[in-house]
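Residue numbers (my numbering): 911 to 1176.
The hints are simulated quantities; they were obtained by calculation from the structure and are not laboratory data.
Backbone N, C-alpha and C define an ideal beta-carbon position, used for all residues, glycine too.
A couple of the hints might just be wrong.
Distance windows between CB atoms, simulated [claimed, not checked]: (1) Arg930 with Asn1069: 30 to 36 Å; (2) Ile913 with Lys1121: 18 to 24 Å; (3) Val962 with Glu1014: 31 to 37 Å; (4) Asn1035 with Lys980: 24 to 30 Å; (5) Lys1021 with Lys1048: 16 to 22 Å.
Okay, derived cross-link-like pairs now, PhoX-like style, lysine-lysine, Cα gap no bigger than 20 Å in a straight line [as the list claims (entries may be wrong)]: (6) Lys1067 with Lys1091; (7) Lys980 with Lys1021; (8) Lys1073 with Lys1135; (9) Lys1047 with Lys1015; (10) Lys959 with Lys1022; (11) Lys959 with Lys944; (12) Lys975 with Lys1021; (13) Lys975 with Lys1067; (14) Lys1015 with Lys944; (15) Lys1091 with Lys1132; (16) Lys1092 with Lys1127.
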Amino acid sequence: MKINVSIIIPVYEAVNTIKRSLNSINNQNIDLEKRIEIIIVIDDGKNYKNIVPKMSKNMFLRFFKTGGIKTGPGNARNLGLSKARGEYIGFLDADDEWSENYFEKMYEYAKKNGLSFAPTRVYKNEKLIGEFVGKNKKYISINDIGNIPCSFHPFVKRNLINKFENYRSQDVYNTAILLNKKNKVGMIENEYYKLNLQKESVTKEKGFSIKIDQAYKKYQIKSLKMKNIKVSKIFALRRIKNKKYIKWAQKNQKSFYEYLSEEKNG
């Protein structure tokens, strides 16, 4: 059976959110001739089979466990990649959502170009606090990844994607590697990836900024060793912005994305 797209969802402590995430896939306007597998990679040892919604006829749920507890999203995504059968790979986090026509636009663009991106909109309590796109809204470049330090979640042809690292922001590093090869990639219009800030969001963890800086430093050094100068530069820029956030956070008890939104609008 041909699978057009494999959607990989790492799951950790997502009992209260995964149904909403899956329903955002269920509610997509998708041609029924397309076949989609949704790979749920469980990293907290819990049983999610009884709490997920029934999926549309052309969507197939597959469940896998990492074999540990909190082994990390990089490890979970790698397990999902090893099980994926789709020609194209998409990503969704277990507390986020897609806008209504996100899938069709992302898939069609990826078929033409091997890779597609959408704007990321960040919501807190269903209130939009920021939209993040490239400097030119029509496309995203590797320089944007340095200047706009949030996560973007691509659709990508299977043979183009790299194994994920097991550090923080491993999705950002993979995006940088992809864009380093492509220079710039068009962004779909009028649709978006919806990032939902939770009380337990990673960006609110104690010591988050320090751990992020450590990860950025690893990517910066690794990129220099591999002579990926542009990739190294964007993580240097991210480290600078992260240090600015640390100073800002001492006066403002708000999340990193709220900082980005205020900085952008201010």
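Against the structure, the hints come out as follows:
no.	hint	in the structure
1	Arg930 with Asn1069: 30 to 36 Å	holds, 32 Å
2	Ile913 with Lys1121: 18 to 24 Å	violated, 35 Å
3	Val962 with Glu1014: 31 to 37 Å	violated, 22 Å
4	Asn1035 with Lys980: 24 to 30 Å	holds, 26 Å
5	Lys1021 with Lys1048: 16 to 22 Å	holds, 19 Å
6	Lys1067 with Lys1091	holds, 14 Å
7	Lys980 with Lys1021	violated, 34 Å
8	Lys1073 with Lys1135	holds, 18 Å
9	Lys1047 with Lys1015	holds, 16 Å
10	Lys959 with Lys1022	violated, 35 Å
11	Lys959 with Lys944	violated, 23 Å
12	Lys975 with Lys1021	violated, 30 Å
13	Lys975 with Lys1067	violated, 24 Å
14	Lys1015 with Lys944	holds, 13 Å
15	Lys1091 with Lys1132	holds, 16 Å
16	Lys1092 with Lys1127	violated, 23 Å
Checked against the numbered hints given earlier, this structure breaks hints 2, 3, 7, 10, 11, 12, 13 and 16; the rest are met.
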